[in-house]
Structure formats: structure tokens, C-alpha cells
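4 protein chains.
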Amino acid sequence: MARKINRIGVFTSGGDAPGMNACIRAVVRTALYNDLKVTGILQGYQGMISNQFIDMNSRSVSNIIQLGGTILKTARCADFRTPEGRKLAYENIKAEGIDALVGIGGDGTFTGIEVFSREFDIPVIGIPGTIDNDLYGSDFTLGFDTACNTVIEAIDKIRDTAASHDRLFFVEVMGRDSGCIALNSGIAGGAEAILMPETGTAIDDLIGQLEKAADGKKTSTIVIIAEGEMNGGAYNVAKRVKSKFDFYDTKVTILGHLQRGGAPSSFDRVLASRLGFAAVNLLLAGKSRRVVGLRGNKISDINIEESINNKAFKLADDMIELSNVLAI
Amino acid sequence: MARKINRIGVFTSGGDAPGMNACIRAVVRTALYNDLKVTGILQGYQGMISNQFIDMNSRSVSNIIQLGGTILKTARCADFRTPEGRKLAYENIKAEGIDALVGIGGDGTFTGIEVFSREFDIPVIGIPGTIDNDLYGSDFTLGFDTACNTVIEAIDKIRDTAASHDRLFFVEVMGRDSGCIALNSGIAGGAEAILMPETGTAIDDLIGQLEKAADGKKTSTIVIIAEGEMNGGAYNVAKRVKSKFDFYDTKVTILGHLQRGGAPSSFDRVLASRLGFAAVNLLLAGKSRRVVGLRGNKISDINIEESINNKAFKLADDMIELSNVLAI
Amino acid sequence: MARKINRIGVFTSGGDAPGMNACIRAVVRTALYNDLKVTGILQGYQGMISNQFIDMNSRSVSNIIQLGGTILKTARCADFRTPEGRKLAYENIKAEGIDALVGIGGDGTFTGIEVFSREFDIPVIGIPGTIDNDLYGSDFTLGFDTACNTVIEAIDKIRDTAASHDRLFFVEVMGRDSGCIALNSGIAGGAEAILMPETGTAIDDLIGQLEKAADGKKTSTIVIIAEGEMNGGAYNVAKRVKSKFDFYDTKVTILGHLQRGGAPSSFDRVLASRLGFAAVNLLLAGKSRRVVGLRGNKISDINIEESINNKAFKLADDMIELSNVLAI
Amino acid sequence: MARKINRIGVFTSGGDAPGMNACIRAVVRTALYNDLKVTGILQGYQGMISNQFIDMNSRSVSNIIQLGGTILKTARCADFRTPEGRKLAYENIKAEGIDALVGIGGDGTFTGIEVFSREFDIPVIGIPGTIDNDLYGSDFTLGFDTACNTVIEAIDKIRDTAASHDRLFFVEVMGRDSGCIALNSGIAGGAEAILMPETGTAIDDLIGQLEKAADGKKTSTIVIIAEGEMNGGAYNVAKRVKSKFDFYDTKVTILGHLQRGGAPSSFDRVLASRLGFAAVNLLLAGKSRRVVGLRGNKISDINIEESINNKAFKLADDMIELSNVLAI
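Sequences listed follow chains A, B, C and D, in order. Going by UniProt numbering, the first sequence opens with residue 1, and the numbers climb by one from there. Going by UniProt numbering, the second sequence opens with residue 1, and the numbers climb by one from there. Going by UniProt numbering, the third sequence opens with residue 1, and the numbers climb by one from there. Going by UniProt numbering, the fourth sequence opens with residue 1, and the numbers climb by one from there.
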């Protein structure tokens, strides 16, 4: 039988992502609507250890749905990796009256609540929030759609100037070990080549592609480079290409952390609202150790171990294939 | 056995939608990649009748992936509804050498190619392109995501000024008979109330909601009104609310056709690329009378009759429910 | 000799405008830098009467430079127009320790502080903040540049769809009695016609212009209509044009209050920072009853009576002329 | 007495800038309005030498006002620096019937037409078009305003994530030898420090500023670095700061050429329209060897030698001062 929950603790952890605030809002308001109380835990796991708690009401989350970042902040926390740290965290949240947790973040976040719930028998739900879109159990993670929009706005601007000259542009995008942002934004931006960890393009192959594009009389060429691909990032690729292929003037853009910010897209805000709503409803239904996600056009949930233990393979086959076909 | 196709005709029809150009580009380049020829048909069915054809090569679709509207233009065409009109259209496209059609648009577009392919035995594929998201067979139609982003950018701006005053804003959005844009942008915009054809909110109920919001000390209230809802649009709703509820200063925004334009979002460009790629591959595989669409995270296809004959019910139950819960 | 000022009161009044927060930030930080204290007065003159004061430090204005609206809110205040109301306001701000005022707003705001400073001998500085750009003494008022950018983004989107069809779009923009937003955004948006209070275009003349454009084979026509022009707004103009000129399908967009919101442009943020900085420096220099403004590329200041008593003529002659020449 | 001009040649040269297309449109339409013919010269001076001419009519410049880049493209041209190259260029444009030139670009562009007009007695007008805002004779150059908006949108996004963590962000912006983009976008973005060529901040001084900001409990710090400043760009500054100051996690963004693209702002489009209109009117009035510009809120013109020979000092004193005051 499900235990009665009185107070939910909500936190964000890991790299921040657009849509986290919309998700916090959904968790808080869904909980309040169901007569639960809500504590916001600041700085993720660090806040559990150092007692950074704030009581949240409906107005605490007014006018935040459109904000990038996270009002609860995030931080790394070495202490939570130790049994002593987790014990202290548990005592603190118990003293605060928190009897269930909703954690928004990536695989590190999920690993944390998984261990925590095993050790202290507290209900936990994970919500996938990372721009990298590298989690198993959801077609899309919070922030990924916004990050792709941010990248293509940059590519569109670069293409304006690319069309005016004969230039070769290298744009480095985020994604850690995942090429998901690179592949999606590369297709959406009409890039001539996309370098990803998953496909592992060698420099010589890239040069071959660029030569083909030059023959086709393209006036400009844009190459998207995932930060995790094997050639060491945009600067290194640019340097190596330039040494073999000096027809073009090469230019580098490193988008960096601006990809983590910005007002979330409609897609991310709707997804955030649905996931936060679903997470609280799962807790109310007596569930624990679940990760909510979007599958197809429906919200569903899987075991947290299943999410943690499966490596994500997000790159759809048709997309890898068409990225080559459409670049002609 | 599949007939050999030599030349594809591609056209856009109905209301234009962001992503149509990205989709045209994908159709053209996928066809060229497979050694097919491509004719662009201007002005939709009207162009078939009045012989508005352009031969398309890879450069014809350079630098259009980011453009709103459609380079092939659209038009209404009464003549195509007559057997004589269609016969003329068929003779024209045959003379042009077109032996398969890809039509991008809404249900009117699909109805047209369905009849046409029955009468003249020409292979046809439909691609769902409309901001209204009201077609059966695809979780998302081309342009819907961009339109929602456009609406929430407007709502975000209105909320800035709303937060500075005690005001009641009515924002009318598109969607014809569908509340899909209203529901998604209303949730994403954090609207206090959403009036949709599907839910049919009476003015008295709306006033009840607004009074509850006023009690909760919200400093601003934004109401999203789908153009197809039963009270006759934002101006009429505003007038009737104002007469019963004069606490607030009421303001109306009619977004109108700006919702049909704008650079397509990353989501719409990727979707457009995948759908265009899939449509040509279906033709190459000898298929006809199919509508391609996104289901889950996969591209699939259904019979065109199935798409035409099913009324779309796109509003997910959890979304209607959460739109009330989160507005508290 | 200048009196020693210890505490500045800052407020926003009238319609809000993008850049007001950036200006509040500049006033607060410049004052603090010079060892003055600062009180934020909420709701403009109303806050003086009802004692809505908040003490402001450097962190009070952190992370607001990019926000539309005003964190100090604005309100209308009938009481301040009475001598009794102003007396109460003065007693309240005196009790708060405020010995100088910076008011950000339009002519109503300036009229208020002008009377107030005469009656109670308190130093006052006015900062022009309104999207309408209708104040004498500054080439640009805070928020005008952002509002023009908002309007042209809307026009650009409408033009996407306009280029796909043969349509006539009417876009109504703000500006009260001023055509400044209409003229600037009309030129910047490439509108085919601009209806403004200053130029007074009759419907028959407009129809003449539209016929000329139709002859020139323009595929789309966009008409910008200032809310204060003589024909009664976009809906009325559209109706009257339609009845005489049915070649086009006519569509109306009412942008409304979204023009008052949005993240301020770089221009508005820099202007806001310079004006706020200058206002405090004037008070420190013992000045009062001045309005600061941008003239050329320099910040200057004029007597507040001069600003109030002069009607603004902001529409540069070359711009009115070129708006006709470039629409061909 | 002024010679009769029949055909104007218009070209863009040097780095492209948002607003160039709006300016080309204004030149073309103003010329046509006055019954002049217009030739578009592709690739700048290179196009004169290699005969890349296109006849332009009103429709040639339809729907380009909102586009970044330049439809006439730009290129570097070593040949034009030789007397033989210029002679060939002159013979070509003479053969084309061009009897006056409007060149849009930076100081290199102006130097080219200045020499050309002396050698071949052809009327020339220069229009300042560069994002760097480093030309004498105009308060603002075409593209500068848009570039600043592009930069602050990036900074706003970075600040979202900055507010969630304790991080130190370095953002490198363009401007060649000018700190104008850095100063304006740094003020508008609320940056904690701005490194510019003009002010020459040593690393130790920067570290002092950052330590002060850290004491003031700022949760994030953003440093804007002009590409031309003395410490060698964002990567080098980040490395040197990191080695002495490891409290923060440091992150680098290199915006690169996306600053040259994007739809021009309203300000840039209006400025482009006024300058193009004025340039043609000067030619019609028999003037030559002038550079048009915005001074105050008025379009004026100066001798081209005056523009070339004066080093621009665009950084207003109050802005440098307030950038320090407001960063507290």
C-alpha cells in the first residue's frame, strides 16, 4: 500500500537546461493542487547536505515558465557520493518533513536518487533534464529542443555572411558524448558536414566531402562539430583542414554555454509541464524509482535502473542517412 | 511491380506553413540523389492547370531551409474540383513528363491528390503541412511547432507588461477548428485560461476562473482564445467579460497571419527533412496513396484515405487536465 | 549652493516600456556608487500616496537589465492630481527620508514631478521612458527602439506568408498620437503604405497607392496603421478598403500590448544606462527640474518645462519622403 | 555644373554587415524613382575588373530589406590596388554605361573609390557599412546595432546558466581595432568587465575587478573581450585568469562570424534606407566624393578624405565611466 506523502522535495542537478523552471513550476503547482506541500532544495544534492531549503507556494513559481536556467540552481556535490554525505542529506530532508523527492537532471542525478531511495526507502522520481538528449526512456530531454533552436539561429546568421563570400565555417556545438544536438541542428541548419562521436568522421573523409561541395559550386560551407567527436573540437579540425585545403578562408565559432540558456521553446515548456505533472501524479499513485519521459506523443515511465543501465541510442537511422543526402 | 518513375512533381497547397521550404528542399535533393528529375509546380493545383512548372536542381533549393512561406507559392483552385479541371491538369503534368506527385499541405491537399491518383493512376504521396496540427496520421504537422513558438514569444512579451499592471489580456490564436495551437501555447505561455473549440468554455465559466485567479493575487491574467472557439473570438469575449467584470483593464491582441510565417524551428526543419526524404523513398519503393508522418520518434506512413477519413483528436488528455492544474 | 542629498527615490509611471528596468538599475547603482541611498517607489505616484517603498541595494537590481516591464510597476493615480494627494505623497516620501526624485516615464510623469518640485521644493529629474517616442528633448525615448524591432519581426513573419499568396495585410501598431513607431517600422519592414496621424492619409488615397502597387506586380502588400491615425484603426481601414478593392484577400493583425514588452534591445539598454547614470549625476551636481535625453550621440539635459511645453515633431522629413519613394 | 548621370553602379565591399541589402534596395529604388538606371556590381571591386554586372529594377530588390549579408556579395581584390587594375575596372564600368558609383563598406571601400574618382573623374559616394562602427563621419555604421543585439542575446543566454552556477564566462566579440561592440554590448549585457583595445586592461587589473565582484557575492561573472584587445583574445585571457584565480569554473564563447549575420534591426534598416536615399540624392545634386552618415538624428555628409584621414574615436566618455560604475 502506498505511504501517504505530505511534502515533496524538488531539486535540479547537473548541467542546467532550458525548461527546468517550467518543470519546477509544474511539480510545485501539481503538488499544491493535490494538497501536498513542497520544499525547493537549492543547489541539488549539495543543498540537502547544507540545509538549503525553501518552502514553495504557487507564487514562488509565478512568471518563471519562460526563464532559462533554474531558480533552484545546481551544483556538483562530492559529499553525496559518500555514505556519510547521503546519511546527512537524509537526516536533513527528514527534519524538513520531506517524504518524497523529484529530481530533474541527467544520469548523474538519476544515479543519485536511485542509490538514495535504496538506502533510505524514500520515494523518488527522476525527470530527464539535459540539453544533450542522451538519456534512455524519453525521446526528448528537457532543453534539447531549445538548444537546437539556439544553434540553428547561430547557423542561420553565419550562413548570411557565408553566402556573401567563399568561406568555410566550423561551428562547435555541445552534447558531451552525444551527437544529438550536432545531428539535429546540422540537418536543420543545412550544414554541409556534421562530425559526431557516433559516426567518427576522419579528417580526410571530411576533406573529401568538402571538395565535393566545392565542385558543386556551393558558395559557402558550414561544418558542425560535436564537442565530443574524435578530432578534438572545431579549432583542431579547422587547423587540420586548412593545412590541406586552402581554397577557403576558414572561420571558427565556439557557441559554448549560450546553448544552455535562453527562454525555453514551446516544445520544452509543454514537455516540462507534462513531465512535472506526471512525476507528482506517480508519487500520488504510490510509485517510486521511476523516470518519466515522452515516448511518441505520450508521457510514460520506466524503472530508474532501466534508464541508468541502458546506453541511449538517439540517432535515428533515417536522420544519419538523410544528413548525407541533403547536403548535396 | 512498381513502375519506373523518372520525374517527380512537388507542390505546396492550402495555407502556407513554416517548414514547407525545408520540405521542398528535401524532396528535391532526395530525388536528385536517386537520379530522378524534379519539377516544381507553382501555386499548387492552379499551377497544374495553368502550366506553371519550373525544373529544379540542387541549387534551386539552396539557402531556403530557413525561410518561412513557400517558394512554390500556394493558391486556391476551384477548377481542380471539376473533372474537366483535373483532366487538364493531368494532361499538363503528363506533357511535362511528371509521373509522380508529392503534395505538401492539409486535408484539402490530400483530398485533391487522392481523387487525382484514382482518376489518372498516378503515384502520389501526401506530406502534412499546416500550422493547425489537425491531420490524422502524424503527431505533428509541419509548421505547428514554429507557430507555437511564435505565439509564446508574443505571450512572453505581453506578460512583461502584464506584470507591471493589473490587466487582463486576450490573445487570439489560429488553428481553424483545432485548439491545438491554443492548448500548447497556452500551457507553454502559462496562460490563466484557454478557450478552445474542443472544450467549449462558456463566458460565465471563464469569469469564474478569472475571479479565482484574482483572489489568488495574480497580478496579471492572460487568456488564450482559439479562433474557432464558440464565443466568436477575442474581441467578443473581451467585450462580454468586461461588461461583467470591470476590475481589470482589458486588452486584445490578434496575432493573425504572423503565426504562419517566420523561420521554421529546428523541430520543423528536421521534421520537414525527414518527411520529404521519406516521401521520395516511398515513391522509389513503388508505393502510392500514402501520407507520411511522425509517430513517436519514427517516420511512418498510412493510407491516404485513412488520413482523410479520420478526424484528428490531437489534444492529449493529460494536457487538458494539466492546463487547469498549472493555472492556479 | 546645492543641498546635500542622502536618499534618492526612483519610480516608473505611465505605460511601461522596455529599458525601464535597465534604467532603474543604472539609477540605483550610480547612486550607491556615490554613497547615496535609494528607495524604490512602487506603482509610481500611487506608491508615494500609499507608502509602497522598498530599500534598494546593488543586488536588488541584479539580473534585471534584460527584463521587459518594470520591477517597480506602474499605475495610474487620480489622487496625485489633487493638492491633498500631493501633500500626502510629500509627507510620506519625507518620512521615508527621500530628498530627491528620479521619475521614468512620459509627459504625464514629467508634469507630475514638475508640479511636485514647485510645491515642495524637492529636486527632481525626469527620464523619458515610453515606446511612443513622443517627448521633446530626446531623439529617442526608452523602449521605442525595442518596440520597432518587435513590430518588424512581426512584419517579417507576415511577409513570409504574404509572399506565398496575393494578400493585403493591415498591421496596427501603437504610438498614441505619434506616428513614430509606424513610420520607422513601416520603413524598416518595407511596408507599401503607412497611415499616420501626422500625415492623415484618406482611404481613397490609400486605395490609389495600393492600385499602383498592384500594377507593379507586387505579390503582397503590407499596410502599417498607427493606432492614432484618423480612419479609426486597422479593422475599419480594412473594411473600407475591402469594399472598394476586392482583388486582394485582406487580413488584419492587431499587435497590441506585446509591443510594450520583450527584452530591451542593445540600443535601449545602453540608452537606459546612460540616462540613469546622467540623472543621478545631475542631482549630485545640484541640478533639479531637468529632463535628460539623447541628442545626437551625446547625453544632454533641458528644463522640464521646455520638455513639457514643446510638442514633439519627431518625424524627420527625409523619412516621410523616402517612405514613399522606397515603396515603389 | 553637374554632369547628367544616367546610370549608377552600386556595390558592397569589405566585410559584410546586416543592413547592406536594405541599403542596396534604397539606392536602387531612389535611383529608379528619379529615372536613373542602376547596375549592381557583384563582388565589389573584383566585379568591376571581371565584368560581373547585373541590371537592377525595382523587383531585383523586393523582399531583401530583412536579409542579412549582401545580395551583391563582397570579395577582396588585390588587382584594384594596381593602376592597371583600376584602369581595367574603369573601362569595364564605362562600357556598362555606369557614370557614378555608390560604394557601401568600410575604410578600404572608401579609399578605393577616393582613388578611383581622382584618377577617372567619376562621381562617387561612400556609405559606411561595417559592424565595427569605426568610421569617421557617422555616429553609427550599418550593421553595428544589429551586431550589438546579436551579442546581447548571446550574453542573456549565458547569464541564464551563469545565474545557476558559480562560473566565470569569457565572451569574445568582433570589432577589429575598435572596442565599440564590446563596450556597447558589455554595458547592455550587464557584463562585469569589458576588455577593449582603447582602454588596455592588464590581466592583473582584471583579476582585481573579478575579486571585487566575487566579494560582492555576485553568483556569476561575464567578461566581454574585444578581439583586438591586447591580451590575445578570450582563450588566452581565460587561461591566464584561471591560473591565478581558481575559485570559478571558466568557460569561453567565441561568437565569430554569426555577429556579421542576422536580419538587420529596425535601427539598421531605417539607417540603411536613409543613407541609400541620401547617397543618390547627393549624386543627383551634382555632388561627389562625399561620405553620408548619421549625425545626431540627421543625415549629413562629409568629404571622403575627411572620413578616411580621421581616426574614429567612437567611445563616449560617459559610457566608459558608467561601464565601471554599473558593474558593481
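In short, the hints are calculated from the structure, not lab data. Hints may be right or wrong, so weigh each one.
As the list claims (entries may be wrong) - Only pairs whose alpha carbons sit at most 27 Å apart, straight line, appear in this in silico DSS-like list of lysine-lysine: (1) C:K287 x C:K298; (2) B:K239 x C:K298; (3) D:K311 x D:K298; (4) C:K298 x D:K298; (5) A:K287 x A:K242; (6) A:K242 x D:K287; (7) D:K239 x D:K212; (8) C:K4 x C:K287; (9) A:K239 x D:K242; (10) D:K242 x D:K94; (11) B:K298 x A:K298; (12) A:K298 x B:K311; (13) A:K239 x D:K94; (14) B:K242 x C:K287; (15) B:K298 x A:K311; (16) A:K287 x A:K37; (17) B:K94 x B:K37; (18) D:K37 x C:K212; (19) C:K298 x D:K94; (20) A:K212 x A:K239; (21) A:K212 x B:K37; (22) B:K4 x B:K239; (23) C:K37 x D:K242; (24) B:K239 x C:K239.
What the hints assert, rightly or not - Output of the computed footprint for chain C on chain D, the stretches with three or more beta carbons under 8 Å from beta carbons of chain C: (25) 23-32; (26) 36-50; (27) 179-188; (28) 228-236; (29) 282-293.
C-beta atoms are modelled at their ideal positions from N, C-alpha and C, and glycine is treated no differently.
So, going through the hints one by one against the coordinates:
1. C:K287 x C:K298: Holds - the C-alpha atoms of K298 of chain C and K287 of chain C are around 18 Å apart, at most 27 Å.
2. B:K239 x C:K298: 47 Å, violated
3. D:K311 x D:K298: 22 Å, holds
4. C:K298 x D:K298: 14 Å, holds
5. A:K287 x A:K242: The given pair, whose Cα atoms are some 56 Å apart, is violated under the 27 Å limit.
6. A:K242 x D:K287: 46 Å, violated
7. D:K239 x D:K212: Satisfied, since the Cα-Cα distance of roughly 20 Å is no more than 27 Å.
8. C:K4 x C:K287: 11 Å, holds
9. A:K239 x D:K242: 25 Å, holds
10. D:K242 x D:K94: The given pair, whose Cα atoms are some 60 Å apart, is violated under the 27 Å limit.
11. B:K298 x A:K298: Given that 27 Å is the threshold and the Cα spacing comes to 14 Å, the pair holds.
12. A:K298 x B:K311: 19 Å, holds
13. A:K239 x D:K94: With a Cα-Cα distance of about 43 Å, the restraint between K239 of chain A and K94 of chain D is violated, given a limit of 27 Å.
14. B:K242 x C:K287: Distance of about 46 Å is beyond 27 Å: violated.
15. B:K298 x A:K311: 19 Å, holds
16. A:K287 x A:K37: 18 Å, holds
17. B:K94 x B:K37: 14 Å, holds
18. D:K37 x C:K212: 21 Å, holds
19. C:K298 x D:K94: Violated - the C-alpha atoms of K94 of chain D and K298 of chain C are around 44 Å apart, more than 27 Å.
20. A:K212 x A:K239: Since the Cα atoms of K212 of chain A and K239 of chain A sit roughly 20 Å apart, the hinted pair holds (cutoff 27 Å).
21. A:K212 x B:K37: 21 Å, holds
22. B:K4 x B:K239: Not satisfied, since the Cα-Cα distance of roughly 61 Å exceeds 27 Å.
23. C:K37 x D:K242: 36 Å, violated
24. B:K239 x C:K239: Satisfied, since the Cα-Cα distance of roughly 20 Å is no more than 27 Å.
25. 23-32: holds (count 5)
26. 36-50: violated (count 0)
27. 179-188: holds (count 4)
28. 228-236: violated (count 0)
29. 282-293: violated (count 0)
Going through the hint list in order, the structure does not satisfy hints 2, 5, 6, 10, 13, 14, 19, 22, 23, 26, 28 and 29.
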